[in-house]
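K.L.:
The lines below spell out each chain.
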Amino acid sequence: MIEVITALLLIVGSFFMVVAALGIIRMPDLLLRMSCSTKAGTISLGALLLALAIYFWEFGIAARAAATICFVLLTAPIASHRIGRIAYLVRVPLWRGTIKDELQDVYPPDACSPFGQVCVIPSMDGAETGLEERE
Amino acid sequence: MIQNVATYFVYPMLSLALILGFVRLVKGPTLPDRIVAFDIIASASAGVIVTAAIVMDRPVLLDVASVWAIISFLGVIALAYYIEKWRGQP
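So the protein sequences, as listed, match chains Z and B. Just so you know, we're using the numbering used here here: the first sequence kicks off at 52 and counts up by one. Just so you know, we're using the numbering used here here: the second sequence kicks off at 2 and counts up by one.
Since the hints were made in silico from the structure, they are not lab data. Incorrect hints may have been included.
Stated by the list, open to error - In silico DSBU-like links for lysine-lysine, alpha-carbon gap of 35 Å or less:
1. K28(B) with K90(Z)
2. K151(Z) with K86(B)
3. K28(B) with K151(Z)
4. K86(B) with K90(Z)
Unchecked claim - Here are a few chain B residues that face chain Z, going by a calculated C-beta distance under 7 Å:
5. A18
6. T31
7. D34
8. V37
Said to hold, decoys possible - Derived coverage of chain Z by chain B (criterion: at least 3 residues anywhere in the stretch with Cβ under 8 Å from a Cβ of chain B; other residues may be distant):
9. 54 to 61
10. 79 to 87
11. 102 to 109
12. 128 to 136
Backbone N, C-alpha and C fix where the C-beta goes; we use that ideal spot for every residue, glycine too.
So here's chain B without its partners, still in its complex pose (with noise of 0.2 Å):
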């Protein structure tokens, strides 16, 4: 049953959440647009590794969804920084 949920409802929802963000990506006007559609990204990614683990029936995957985590929180600070101590031409 699991399977089946997964395979018709949750990997095709997840998916089609990480095609709206990369046109969010693709289309936003400006640099802080980016970094939310970045953000949105990491999630739904990290959301597709945590139901691998339950499809799968492999708990180390765990493991690897916390470190995702960890490391787009991480990639968004320094995104912000980057634009706070920008200086050059518009």
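The following block holds chain Z by itself, in its conformation from the complex (with noise of 0.2 Å):
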């Protein structure tokens, strides 16, 4: 019965881990793809722990497991607003079907440099900034 379980569970957070990828690789967009990898962080995370600590099934492990998955449910949102709001100030390019920007008018055009610095993307030599086009 709990191997049953375990392999339920993992086979539950692979799959999600997967189709987690699958949106980094396919979605148009830096926000898209980061809805992607937060999900992938918490559900398929926190289901490979979940297998863990079931098939160990002992109190020390179920602890640490369960301090894992709090760690990762807690920092995961921090981590993914940090990056959100840089790539919105840095003006990263949003998708072209984007129908709302709320915070057009929020933030003053040199939000990003409020010590000087350049309000562009930093790139590496060579790469291309900007989307590929996509219908």
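With the hints as a guide, bring both chains together as one complex.
P.N.:
Structure follows, in structure tokens:
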């Protein structure tokens, strides 16, 4: 019984990981991609850790697994918010199918440079900035 | 049964997720895209470590996975801070 539950949770976790990676590949926009990666961190890693806690079924291991799940649940939104905010401030191009941009008039044009930085996206040499064209 | 499920389903799926994340890491047009790819690669490799802990029957590997999650969070925060304080030629 425990083996069946563990196998099911492992399958669910790895399946959601692959779905999130597919979203990373297929989504047209940074912010949409970021929503996929957050789901990977929380749902998939949570299911795998729950499988581990159920499989061993001891107090110490379950406590450590629960602590790790809580840590992931707490830190995934923080990291995602951090990336999303700074990506919006350095003007990463949005998808052209974007309907609503609520923050359009909130930030002044030099909001990303309170200390005199340059408001551009850091890119590696030879890498193209901007989105690939999608229909 | 756990061995078969892990060998024929879980490890291939996690490897596929790692490969797709690496494709985005190479291809991603801007640096924030690469940070997102790094995030999902860290999640998938933590999943590989947890699965290995179940398959090899070594619960000690759970500590490795939790430290791995902490390190990946710090890496994402550090890279976002780097973009925020970045100055130079585009």
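K.L.:
Hint by hint, note whether the structure agrees.
P.N.:
Evaluation of the provided hints:
1. K28(B) with K90(Z): Distance of about 21 Å is within 35 Å: holds.
2. K151(Z) with K86(B): Holds: K151(Z) and K86(B) sit about 28 Å apart, inside 35 Å.
3. K28(B) with K151(Z): holds (27 Å)
4. K86(B) with K90(Z): Answer holds: K86(B) to K90(Z) is near 28 Å, not above 35 Å.
5. A18: holds (4 Å)
6. T31: holds (5 Å)
7. D34: holds (6 Å)
8. V37: For V37(B), the interface hint holds, since the closest Cβ of chain Z sits about 5 Å away, which is under 7 Å.
9. 54 to 61: holds (count 5)
10. 79 to 87: With 4 residues closer than 8 Å to chain B, the stretch 79 to 87 of chain Z meets the three-residue bar; holds.
11. 102 to 109: holds (count 5)
12. 128 to 136: holds (count 4)
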